[in-house]
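Residues per chain, in single letters:
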Amino acid sequence: MKEILEILEHDARATPEEIAKMLGRTPKSVMLDIKKLEKEGVILKYKTIINREISKEDRNDVRALIEVKLTPQKNVGFDHLAERIYQFPEVTSCYLMSGTYDLLVVVEGKNIHTVSGFVSEKLSPMDGVRGTVTHFILKKYKEDGDILKQPERSKRPAISL
Amino acid sequence: MKPAKVVDRIPPSGIRVFFDLVLGMKDVISLGVGEPDFVTPWNVRESAIFALEKGFTSYTSNKGLVELRQEIAKSLSRRYGLDYDPEEEILITVGVSEAFDLAMRAIINKGDKILVPEPAYVSYKPIATLCGGRPISINTSAEKNFKITPSDVSKLCDRDTRALILNYPNNPTGASYSKKELKAISDVVLKKNLIMISDEIYCDLTYDFEHTPFATLPGMKERTIYLNGFSKSYAMTGWRIGYACGPKSLIAAMTKIHQYTMLCASVISQMAAMEALKRGGLSVQEMKREYKRRRTFVIYRLNEIGLACHIPEGAFYAFPSIKKTGLSSLEFSQELLKKEKVAVVPGTAFGSLGEGYLRISYASNMDKLKEALLRIERFVKTL
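Chains as they are written, first to last, in the numbering used here: chain A, 11 to 171; chain B, 600 to 982.
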C-alpha cells in the first residue's frame, strides 16, 4: 500500500498495470488496493501541478496568505469558525496555527480586488474574527516540493561506463 | 612518436566510436548512463560552497582529511562492525578508479596473475596490464546469473596468481552475492593465499538481501583491499571521491604512490564528502525502493519483449540477452540508436563475454524508462 502511494504521489498517471510491473504484482491486486485507498479517502484526488509563471492562461493568478485572529467558541474551539471560513471556494488552504495568530488562510483570486474584496466583505465582518493581516504572494519559487522552473536539460553525458 | 609497448597491449576502446555517435545525437533517450539520475543533495553542494567561501583551497594530507577518514571509519564500524584505523588503514582517493589503480600498482609484481570475473567493469584488465600483471578472465554466464563460484576461482589459480577482483553489486551485470556465497569464495581466497580486491561502490543498491562487505568475513580483513566511494550512494560522480581501506602495509604502499601521482584528492570534494557522510541527504531507503521498482519494471518489460533477462540483485543495470535477434551487441545498439533514438551500451564494452548482451541502465526516471522500453519493443518487432 505504502509503495503504491509513493508511486502515485509522484506520478498520478501511473496505471495499475504499470504499478503492478514495478512491484512484481498482478494488475488486479494493485487495482483493488487503489480502489480501497480511494474509498477510505487516503487518496483524495488526482491533480496536475501547473506552473502559472509560464502558463499563458490567466486563471486565479493572485494568491494571498491571510493571518486570522479568532475568538474561540465554547465546546468547539476554533473548528466551527474554521469550517465557516474554509467552505468559501476562494480558500485553497486553511490551517490552525500556533503563535501570534490562529488561522492561516490561503486565498486565490483573479486579481488583487477579488482577494481584498473577499477579505473585507466576507472574512473580516464574520462574527468571531478579531482581525486579519493579508500578505500577497509576489512570486512562487517552489510549491509542495516542486521547484517552479522550466525543465532543465540533463547535464549528464548520454552515455558513460 | 611511438608510445610505450604496454599501452599498445591494452585494447583501444572500440566502443568509443559508438559513444561518439550517441553523444553527437540530439533527443536521445539514454539508458546508457553509469551514474545516478539526480544531482548531489543540496546540503552537500551547499557545504562545498561554504568551504570555498571559508577559503578551504589548499592541499590536504596525502591520505585525505583526517576528519573524513574518521567519518568513514565510524560509518563502516556502525553499519558493518568493520573497524579500520583512520590513521593507517584508510586512504582517500580520486574516485574508486584511482583507488583501484593504486591497489594494482601496490600489489603486482611483473607477471603476477590477477583474476577478473567477466563481463567486467572496463578498467580492471587494462590497469592490471599496465601494472605488468596478467589479467586472467573468470568466465561467468547468464545461466549462473553472472556469478563466479569457488571452483571457478580455484581452477584458475597457480603459483603466479596474486589477487582476485570482485565487484559486487556488479557493473555491468547487476549480479551480487549473499553472505553465504561470499563465504564460500573467501575459503578459496584463503586457501590459495590471494589478495582480495573488493570494489563495493554499488553496496547501497542491493535489493534482495543485505550487502556483506568482503572484509567482514572471517580472516578476510587482513587480505582485502576494500574499495568504495561517494559516487553512487550520494550521487557524487563528478566530485571524484573514493577511498581504500585495508591492511596497513598495503595502504602504506598505495599512499606512497598516491603522494607522488595525485598528491591528494580535491579539498572541496573531500569537505562535501564529509557532509554527505555526516548528514546524508538522500534517504538511502527511499532511493533503494525507487530503484527496486524500476528494476522490477524493466526486467518484466524486457522479458515481455523477448529479451531474456535474469534478475540482477543490485546496482542499476539490467543485462538482457539479445542472442535471439541474431544481431551482435554493437549492431543491435547502433540500429536501436538510429531507428528509435534509444542509447544502450553493447555488452562487448565489458569484454568479449558481453557479446550477445546489452547493458541497460535504469538510473533514469520512470517516464523515460516506459518510453524507452516501448521503443525497444517496436524495434525488436521489426527484426
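Note that these hints are calculated values from the structure, not bench results.
We treat Cβ as the ideally placed atom computed from N, Cα and C, and that holds for glycine.
Please note that the accuracy of each hint is not assured.
When the alpha-carbon atoms are kept at most 30 Å apart in a straight line, the in silico DSBU-like pairs for lysine-lysine are as follows [as the list claims (entries may be wrong)]:
id	chain 1	residue 1	chain 2	residue 2
1	A	K159	B	K625
2	A	K55	A	K150
3	A	K159	B	K940
4	A	K152	A	K84
5	A	K165	B	K709
6	B	K712	B	K791
7	B	K877	B	K922
8	B	K940	B	K969
9	B	K937	A	K12
10	A	K165	B	K922
11	A	K45	B	K980
12	A	K55	B	K712
13	A	K165	B	K969
14	B	K937	A	K57
15	B	K887	A	K152
16	A	K45	B	K653
17	A	K165	B	K791
18	A	K152	A	K38
19	B	K625	B	K969
20	B	K754	B	K779
21	B	K791	B	K779
22	A	K165	B	K779
23	A	K159	B	K967
24	A	K66	B	K779
25	B	K709	B	K625
26	B	K754	B	K938
27	A	K46	B	K779
28	B	K980	A	K38
29	B	K922	B	K937
30	A	K152	B	K877
31	B	K754	A	K57
32	B	K791	B	K887
33	A	K152	B	K653
34	A	K12	B	K967
35	A	K55	B	K625
Computed footprint of chain B on chain A, listed as stretches where at least three residues anywhere in the stretch have a Cβ under 8 Å from a Cβ of chain B [stated by the list, open to error]:
id	stretch
36	39 to 46
37	129 to 136
### Message
Checking each numbered hint in turn, tell me which of them this model violates, lowest number first.
### Response
4, 5, 7, 9, 10, 11, 12, 14, 16, 17, 18, 22, 24, 25, 26, 27, 31, 32, 35, 36 and 37
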